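A.B. asks: Each chain, letter by letter, is given below.
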Amino acid sequence: MSTSTQAIKHERIYEISPTRKLVMGIIEIIIGAFIFFVFVQTVSGAAKTTFVMTPGGIDIGKVGNWVLPTRITLILLAVLALIIGAYQLIKGFGRSTNALVGLCGLFLVFSFLTWQTADQSLNLAGMLTSAVLLAVPITLGAFSGLLSERAGVINIAIEGLMLMASMVGALIGSITQNAWIGLLGGILASVLLAGIHAVLSIKYRINQVISGTVINIFAAGMTAFLSQKFLQTNQALNSPPLFPRIPIPGLAHIPVIGPIFFNTNIFVYIMFILLIIIQVALFSTRWGLRLRSVGEHPKAADTLGIKVKPTRYMAVLLSGVVAGIGGTFFTLGSVGRFEEGISAGKGFIGLAAMIFGNWTPIGSLGAGLLFGFADAIGSKLSLLGSNIPAQFMGMTPYLITMIVLAGFIGKGHAPAADGEPYEKE
Amino acid sequence: MDKKQEKQKDAGKILIEELNQDEKESATHKRSFWNVITIPLLAILSGIIIGAILIAATSTSVYAAFGQSFGKGITTAFSEIGSAYASLFTGSIGDPVRIFSALFSGDKEQIYKAINPFLESLVQATPYIFAGLAVALAFRAGLFNIGVEGQLFIGAACATFVGYAVKGLPVYIHMPLAFIAGGLGGALWGFIPGFLKATTGGHEVINTIMMNYIAFRLTEWLLSGPMTRPGSGGMPISPLIEESAQIPQFFPSPIRFHLGFFFALGFAWLIWWLLFKTKWGLNMRTVGTNPRAAKYAGLSVAKTTMIGMAISGGLAGLAGAIQILAVNRSMALGLSSGYGFDSIALALIGNNHPVGVVLASILFGTLRNGATRMMVVSRIPIDIVDVLQAIILMLVAAPAIIRTIYRLKEPKEEETTVFVSGWGGGQ
Chain A
0 MSTSTQAIKH
10 ERIYEISPTR
20 KLVMGIIEII
30 IGAFIFFVFV
40 QTVSGAAKTT
50 FVMTPGGIDI
60 GKVGNWVLPT
70 RITLILLAVL
80 ALIIGAYQLI
90 KGFGRSTNAL
100 VGLCGLFLVF
110 SFLTWQTADQ
120 SLNLAGMLTS
130 AVLLAVPITL
140 GAFSGLLSER
150 AGVINIAIEG
160 LMLMASMVGA
170 LIGSITQNAW
180 IGLLGGILAS
190 VLLAGIHAVL
200 SIKYRINQVI
210 SGTVINIFAA
220 GMTAFLSQKF
230 LQTNQALNSP
240 PLFPRIPIPG
250 LAHIPVIGPI
260 FFNTNIFVYI
270 MFILLIIIQV
280 ALFSTRWGLR
290 LRSVGEHPKA
300 ADTLGIKVKP
310 TRYMAVLLSG
320 VVAGIGGTFF
330 TLGSVGRFEE
340 GISAGKGFIG
350 LAAMIFGNWT
360 PIGSLGAGLL
370 FGFADAIGSK
380 LSLLGSNIPA
390 QFMGMTPYLI
400 TMIVLAGFIG
410 KGHAPAADGE
420 PYEKE
Chain B
0 MDKKQEKQKD
10 AGKILIEELN
20 QDEKESATHK
30 RSFWNVITIP
40 LLAILSGIII
50 GAILIAATST
60 SVYAAFGQSF
70 GKGITTAFSE
80 IGSAYASLFT
90 GSIGDPVRIF
100 SALFSGDKEQ
110 IYKAINPFLE
120 SLVQATPYIF
130 AGLAVALAFR
140 AGLFNIGVEG
150 QLFIGAACAT
160 FVGYAVKGLP
170 VYIHMPLAFI
180 AGGLGGALWG
190 FIPGFLKATT
200 GGHEVINTIM
210 MNYIAFRLTE
220 WLLSGPMTRP
230 GSGGMPISPL
240 IEESAQIPQF
250 FPSPIRFHLG
260 FFFALGFAWL
270 IWWLLFKTKW
280 GLNMRTVGTN
290 PRAAKYAGLS
300 VAKTTMIGMA
310 ISGGLAGLAG
320 AIQILAVNRS
330 MALGLSSGYG
340 FDSIALALIG
350 NNHPVGVVLA
360 SILFGTLRNG
370 ATRMMVVSRI
380 PIDIVDVLQA
390 IILMLVAAPA
400 IIRTIYRLKE
410 PKEEETTVFV
420 SGWGGGQ
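Respectively, the protein sequence lines represent chains A and B. Here numbering that gives the first Met the number 0 is used: the first residue of the first sequence is 0, the next is one more, and so on. Here numbering that gives the first Met the number 0 is used: the first residue of the second sequence is 0, the next is one more, and so on.
Simulated from the structure, these hints should not be mistaken for laboratory data. Model, not experiment: these values are computed from the prediction. Glycine included, C-beta positions come from ideal geometry on N, C-alpha and C. Take these hints with a grain of salt, some might be off.
A short list of chain B residues far from chain A (calculated; beta carbon distances all over 10 Å) [what the hints assert, rightly or not]:
no., residue
1, V35
2, S82
3, P95
4, H202
5, N211
6, R216
7, P238
8, F262
9, R372
Taking beta-carbon pairs under 8 Å as the criterion, some of the chain A residues facing chain B (in silico) [unchecked claim]:
no., residue
10, L199
11, S210
12, F217
13, G220
14, M221
15, F224
16, F347
17, I387
18, G393
19, A405
20, Y421
Just so you have them, the derived chain B footprint on chain A, three or more residues with Cβ under 8 Å [as the list claims (entries may be wrong)]:
no., stretch
21, 200-209
22, 263-269
23, 350-356
24, 395-403
Given only the sequences and the hints, what does the whole structure look like? Please build it.
C.D. replies: Shown next, in the form of structure tokens:
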């Protein structure tokens with residue numbers, strides 16, 4: 000590879016390819032048309048949708064129900080999606096393309112809910128609360144991937160890291176009967192595995208995707224092995240304490256937002272704190288600049304005296320820390336015991352969220368919340384007496400992932416040296 | 000027009016030169032059979048040793064013995080490992096004593112029973128061969144197919160459907176029809192991520208994983224809805240396939256050894272021939288190892304990506320079809336025990352060569368079959384096979400570790416068998 004093409008490739012221009020512009024516009028138009036022709040046409044003009052805006056079991060921050068005229072709401076959403084799509088086709092949104100596709104996805108999800116709830120009522124706040132919780136492992140997975148990929152190491156081992164962390168978290172949490180020590184144990188396990196990934200891909204320079212796959216197979220086998228050997232035969236080893244819900248004084252009383260964001264699981268707070276830390280550390284400190292330069296152009300970084308390999312090691316280990324927190328969420332924040340394959344692909348979806356979010360913390364969070372929302376609907380759908388099979392709703396997060404990935408990769412989005420091992424010449 | 004043609008001609012020349020050079024290089028230091036096989040063998044050996052440590056380290060009786068005295072702890076550890084691996088051996092190859100006594104007695108039924116563990120290992124290896132070939136072929140084209148599991152499910156579902164819904168056909172039409180249906184289903188499931196990669200740049204690693212989850216949900220819905228067995232009471236299981244769709248087994252039950260094993264060997268040969276003896280295979284391998292040169296030579300990377308993924312998915316679909324038609328005879332959700340990830344290990348350990356894949360598949364079929372008995376006899380969870388697999392895979396992928404441990408000489412040139420691009424597409 001000649002240096003001149005290298006230099007051009009490494010210039011970060013946020014240019015959206017014409018195909019992508021077209022495809023995304025068409026997707027938005029399809030969403031609008033779908034809302035109009037499928038949802039609007041099958042709803043009577045007099046129908047009303049009732050959303051309950053106070054999650055169950057919470058007595059602070061109560062508000063009245065939202066009652067929406069179903070048909071008008073749906074028409075409005077359809078028209079908005081069509082306008083966005085048309086503008087995308089004609090002029091294009093440039094850098095905001097992803098955000099607007101995400102918005103249209105949100106319209107689709109919301110209009111589906113409105114349509115399903117016609118002449119019924121649904122606890123929307125409760126659904127949003129669970130959506131935020133479901134978004135936690137996905138978003139933390141995305142943050143984890145972000146840290147390592149910004150330094151140029153592809154990390155598809157996140158799924159395995161999370162699985163291992165969730166098991167070790169449950170085990171140590173059960174032994175000590177202390178959720179904090181469990182969390183720490185989970186993080187440690189995840190960091191250890193991340194260390195193996197780092198050694199394999201940085202020191203031995205094996206293909207990073209394969210190295211990640213090794214970790215994933217290892218974690219799946221090891222957690223299943225240990226859980227059958229110890230956790231299942233001795234239930235006392237698989238009953239960790241759960242982190243309690245912590246209301247934040249003052250903020251928890253804000254209507255709607257309070258119960259969803261400020262009277263919830265500690266992992267949600269950690270997610271938002273990490274968002275701020277990673278955003279500031281990566282984009283406003285010298286440390287972050289160095290880390291990113293290693294991911295963009297390791298040779299140049301090396302010439303400037305930045306130690307490429309130690310930086311990459313650090314990034315991958317930090318990625319392990321974040322994945323570890325995300326993994327322990329399953330056992331210490333949500334389910335309360337370990338089951339085989341408990342992570343259910345959340346690590347992979349997290350990676351997709353990272354890509355959807357353009358390798359930025361804010362974008363990752365947004366994508367994570369969208370995926371979490373789609374997930375929450377899938378699990379709540381049966382309560383509405385819907386005639387759509389639950390399996391189809393269960394597919395939506397994966398379908399959305401595939402749609403948003405179409406054309407997202409390439410052209411100045413991924414760190415330029417992502418996946419390339421570095422060797423001093 | 001002229002200029003373009005000339006340019007292409009030049010590019011073609013460059014490519015041919017490059018390939019010739021490759022050929023010359025490989026001719027000058029052609030690696031001998033032993034050279035190729037040392038690393039995998041040592042990796043397997045290391046995996047077995049680490050597995051032994053794991054067995055001893057997670058055994059409560061070993062700890063109890065160490066509590067009494069050090070010597071007792073060591074002997075207990077070794078006896079635990081010994082009995083575990085002995086049960087692994089008798090479960091996968093057979094009990095030597097029993098085999099010999101059966102041979103001497105000359106009783107046919109006795110002999111069948113005695114060698115059944117080995118035949119069962121081959122039965123287990125059969126879907127592995129197809130799945131391993133699927134991943135290996137994709138790797139050769141520079142693609143990473145993590146979606147074997149989903150393609151296998153879809154293939155199995157298609158084969159099942161043709162197997163029970165089509166009635167009144169003779170065996171020689173119905174059975175191949177169901178088998179091919181499985182392949183086509185898998186091919187479609189593989190083609191979609193290939194198409195997305197070629198046209199939009201969506202990376203196949205993420206997309207195939209997503210297709211896996213979609214396939215699980217889809218088959219779950221199919222098996223509990225449209226394809227459910229009448230009277231199953233909502234259990235996700237399909238009707239039994241027609242007798243005419245079944246791939247015949249050679250021996251009376253419970254011996255399950257079937258014709259499909261030879262199908263698998265046939266397909267391994269076919270893939271070898273395609274990859275190494277046809278122009279199409281050369282093009283594909285060129286795209287896989289050097290997409291830039293391939294582009295200059297006028298080869299279509301997009302087309303290769305789509306075809307490669309479709310064939311790879313088709314092979315994975317055949318893995319599912321063969322399991323349904325020859326062994327299970329109806330489809331349930333517990334069809335696969337992680338073939339998707341296993342097949343990646345198989346392809347890499349087999350050096351992405353059909354012969355290597357067949358050998359690795361027989362090894363893993365043996366391991367998995369033996370592990371079932373090990374679970375019954377020594378209470379060691381079957382998932383230990385996954386752990387071994389990960390370790391073996393890691394060592395095969397990073398031969399430098401093996402060379403350090405066993406103090407082997409560095410090769411003159413690092414051999415790279417796998418070229419998988421990063422998210423950026425690598426071009």
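A.B. asks: All the hints need checking, so say for each whether the structure fits it.
C.D. replies: Hint by hint, here is what the structure shows:
{"no.": "1", "hint": "V35", "result": "holds, 18 Å"}
{"no.": "2", "hint": "S82", "result": "holds, 16 Å"}
{"no.": "3", "hint": "P95", "result": "holds, 29 Å"}
{"no.": "4", "hint": "H202", "result": "violated, 6 Å"}
{"no.": "5", "hint": "N211", "result": "violated, 8 Å"}
{"no.": "6", "hint": "R216", "result": "violated, 4 Å"}
{"no.": "7", "hint": "P238", "result": "holds, 20 Å"}
{"no.": "8", "hint": "F262", "result": "holds, 27 Å"}
{"no.": "9", "hint": "R372", "result": "holds, 16 Å"}
{"no.": "10", "hint": "L199", "result": "holds, 6 Å"}
{"no.": "11", "hint": "S210", "result": "holds, 7 Å"}
{"no.": "12", "hint": "F217", "result": "holds, 3 Å"}
{"no.": "13", "hint": "G220", "result": "holds, 3 Å"}
{"no.": "14", "hint": "M221", "result": "holds, 5 Å"}
{"no.": "15", "hint": "F224", "result": "holds, 4 Å"}
{"no.": "16", "hint": "F347", "result": "holds, 5 Å"}
{"no.": "17", "hint": "I387", "result": "violated, 10 Å"}
{"no.": "18", "hint": "G393", "result": "holds, 5 Å"}
{"no.": "19", "hint": "A405", "result": "holds, 4 Å"}
{"no.": "20", "hint": "Y421", "result": "violated, 13 Å"}
{"no.": "21", "hint": "200-209", "result": "holds (count 6)"}
{"no.": "22", "hint": "263-269", "result": "violated (count 0)"}
{"no.": "23", "hint": "350-356", "result": "holds (count 3)"}
{"no.": "24", "hint": "395-403", "result": "holds (count 4)"}
When each numbered hint is compared with the structure, violations occur for hints 4, 5, 6, 17, 20 and 22.
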